[in-house]
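Asker: Given next are the chains, with one letter for each unit.
Number of protein chains: 2
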Amino acid sequence: MPQFKRIAVVGAGLIGGSVLLAAARRQLAGSLAGWSRSPEARTLLQSYAVAEIFDNPVEAVRGADVVIVATPVDKMAETFRAIGPGLSPGALVTDAGSVKAAILIAAQELPPGVHFVGAHPMAGSEKAGSAHANAELFVNRPCFVTPTGQESPAAVQLTHALWQALGCRTVECSAQRHDEIVAAISHVPHASASALMLAVGSLPGFDPTSAGAGLKDATRIAAGEENLWVGILLANAPHVIAGLRAAEDQTAQLRKALEAGDAEKVHQLLADARVLRQSLDRPA
Amino acid sequence: MPQFKRIAVVGAGLIGGSVLLAAARRQLAGSLAGWSRSPEARTLLQSYAVAEIFDNPVEAVRGADVVIVATPVDKMAETFRAIGPGLSPGALVTDAGSVKAAILIAAQELPPGVHFVGAHPMAGSEKAGSAHANAELFVNRPCFVTPTGQESPAAVQLTHALWQALGCRTVECSAQRHDEIVAAISHVPHASASALMLAVGSLPGFDPTSAGAGLKDATRIAAGEENLWVGILLANAPHVIAGLRAAEDQTAQLRKALEAGDAEKVHQLLADARVLRQSLDRPA
Numbered sequence: 002m003p004q005f006k007r008i009a010v011v012g013a014g015l016i017g018g019s020v021l022l023a024a025a026r027r028q029l030a031g032s033l034a035g036w037s038r039s040p041e042a043r044t045l046l047q048s049y050a051v052a053e054i055f056d057n058p059v060e061a062v063r064g065a066d067v068v069i070v071a072t073p074v075d076k077m078a079e080t081f082r083a084i085g086p087g088l089s090p091g092a093l094v095t096d097a098g099s100v101k102a103a104i105l106i107a108a109q110e111l112p113p114g115v116h117f118v119g120a121h122p123m124a125g126s127e128k129a130g131s132a133h134a135n136a137e138l139f140v141n142r143p144c145f146v147t148p149t150g151q152e153s154p155a156a157v158q159l160t161h162a163l164w165q166a167l168g169c170r171t172v173e174c175s176a177q178r179h180d181e182i183v184a185a186i187s188h189v190p191h192a193s194a195s196a197l198m199l200a201v202g203s204l205p206g207f208d209p210t211s212a213g214a215g216l217k218d219a220t221r222i223a224a225g226e227e228n229l230w231v232g233i234l235l236a237n238a239p240h241v242i243a244g245l246r247a248a249e250d251q252t253a254q255l256r257k258a259l260e261a262g263d264a265e266k267v268h269q270l271l272a273d274a275r276v277l278r279q280s281l282d283r284p285a
Numbered sequence: 002m003p004q005f006k007r008i009a010v011v012g013a014g015l016i017g018g019s020v021l022l023a024a025a026r027r028q029l030a031g032s033l034a035g036w037s038r039s040p041e042a043r044t045l046l047q048s049y050a051v052a053e054i055f056d057n058p059v060e061a062v063r064g065a066d067v068v069i070v071a072t073p074v075d076k077m078a079e080t081f082r083a084i085g086p087g088l089s090p091g092a093l094v095t096d097a098g099s100v101k102a103a104i105l106i107a108a109q110e111l112p113p114g115v116h117f118v119g120a121h122p123m124a125g126s127e128k129a130g131s132a133h134a135n136a137e138l139f140v141n142r143p144c145f146v147t148p149t150g151q152e153s154p155a156a157v158q159l160t161h162a163l164w165q166a167l168g169c170r171t172v173e174c175s176a177q178r179h180d181e182i183v184a185a186i187s188h189v190p191h192a193s194a195s196a197l198m199l200a201v202g203s204l205p206g207f208d209p210t211s212a213g214a215g216l217k218d219a220t221r222i223a224a225g226e227e228n229l230w231v232g233i234l235l236a237n238a239p240h241v242i243a244g245l246r247a248a249e250d251q252t253a254q255l256r257k258a259l260e261a262g263d264a265e266k267v268h269q270l271l272a273d274a275r276v277l278r279q280s281l282d283r284p285a
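Residue numbers (our numbering), protein chains in the order written: chain H, 2 to 285; chain U, 2 to 285.
Just chain H, same shape as in the assembly:
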């Protein structure tokens, strides 16, 4: 017997589409439902033939015991408001947003009697959209689960069980701690990669046809969909701003050492950076 009665996915980009495919392949629910704002995405989802696809979010969530909201971060409050009338009392609502404190505030739009527990599967890609969805996207990816402490323990437990069943390794922490961590490991690198790409593109020596693996890797995430990332960066602005200031400071420190011809200082900065970078590849 499947673990869940009916799972509804609201918003169907890379994450939402992949949740439907993963839940179908793993037979997690008696039935699956999906909604997307975009008619093209709805047609695509329908072609997967794994879920009932709706053009109305209220209908999509009706009768679901589990609802996963996977709309862009800056559309969350609007989405929570929209699905309210369709939600069943006692349903679990979770999300997949890349920030958590702002979404806790947005979740106040949900009606009383449903359980909300925030989550963030770290499974994004610069290849956005349900066209890139795949059933194995979540396998072995970390997924933050960020309860406030006010939820029923059963709802928190169920959130862990859901994301684990989709393939993730879950990690629990507060929304605030989550936002601090993802600023460092995701949002600041994303914003910095975009700034580096703009800077390199402005230099007289910029020649896209000569670019090698170094520049391509350093800026790969800057190819991400800006319509998703504007919302993420703004929703986590305090941490991202602090991180960008740190990036400006470190860049200026290295530049000043070069201006001074201070080989020892340049050596020390590059060596410290190398040691830090190598720590990312060490097994946890």
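Hint data in this document are derived by calculation from the structure and do not stem from the laboratory. Worth double-checking, as some hints may not be accurate.
Heads up, the list lumps identical chains together, so a pair's fine if it works in one copy or across two of them.
What the hints assert, rightly or not - Each computed DSBU-like pair below joins lysine-lysine, with the alpha-carbon atoms no more than 35 Å apart:
{"no.": "1", "residue 1": "Lys76", "residue 2": "Lys217"}
{"no.": "2", "residue 1": "Lys257", "residue 2": "Lys6"}
{"no.": "3", "residue 1": "Lys76", "residue 2": "Lys6"}
{"no.": "4", "residue 1": "Lys6", "residue 2": "Lys266"}
{"no.": "5", "residue 1": "Lys266", "residue 2": "Lys128"}
{"no.": "6", "residue 1": "Lys257", "residue 2": "Lys76"}
{"no.": "7", "residue 1": "Lys6", "residue 2": "Lys217"}
{"no.": "8", "residue 1": "Lys76", "residue 2": "Lys266"}
{"no.": "9", "residue 1": "Lys128", "residue 2": "Lys217"}
{"no.": "10", "residue 1": "Lys257", "residue 2": "Lys128"}
{"no.": "11", "residue 1": "Lys128", "residue 2": "Lys6"}
{"no.": "12", "residue 1": "Lys76", "residue 2": "Lys128"}
{"no.": "13", "residue 1": "Lys257", "residue 2": "Lys217"}
Model the placement of chain U on the given structure of chain H, informed by the hints.
Answerer: Below, chain U without anything else, positioned relative to chain H:
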């Protein structure tokens, strides 16, 4: 009959070791010779059994019609001085350094009667050292050839032929233009990736065990060997400094847009960066 009589490689890290392996596999020369400052590297090179390995650079270049200098950028002048007494009149000396204008000056240490033509195969890696050498390292990699215009046309022609025979696609431009290009596509990204790694490592949310592909890719080149990169960044300092200033400016612009909550400006910056980044993947 091989294309060259005897090729000597002076300095045997990733590039020098790979030149020996590539020249051997392609049977480019009647004989091969190599020198490295490091006894460990000499032992390793000897174990490849493709070249006569010397512990003295003068002996290594004796009788060679082609000499490839592949020592670190900040050791070039010293190396050119050291090999002088062994060079045959009329020999071609080329190099593999990541900067070209500074090496032109260093090449004034060479004795009269030899031909120097600078070159730069874009085949580096964060995995430095002859232990990572491989015979196919240069295949389809761009190689800059940077004559001053004062060389004999035959020497320039021979330099193209050599690097092409090793597998490269050669591109000719001035040393000054080369340095401007590689600042944009290699040196500034390297320095920025190091600065980003230092910045991220200083943030309260930094957790190496949570780092995903985004941070890892954005900082991969920061794992490069600082003993090579200090010399490169200092030898190309004016262009690198200008590029780092541009990176600081673009980062500050994005940060200020976030501070102002200016979604439209953030959107525009991220969209511009995405378009530029996508231009790197377009076929030339």
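Asker: Determine which of the earlier numbered hints do not hold for this structure and return their numbers in increasing order.
Answerer: Those not satisfied are hints 2, 4, 7.
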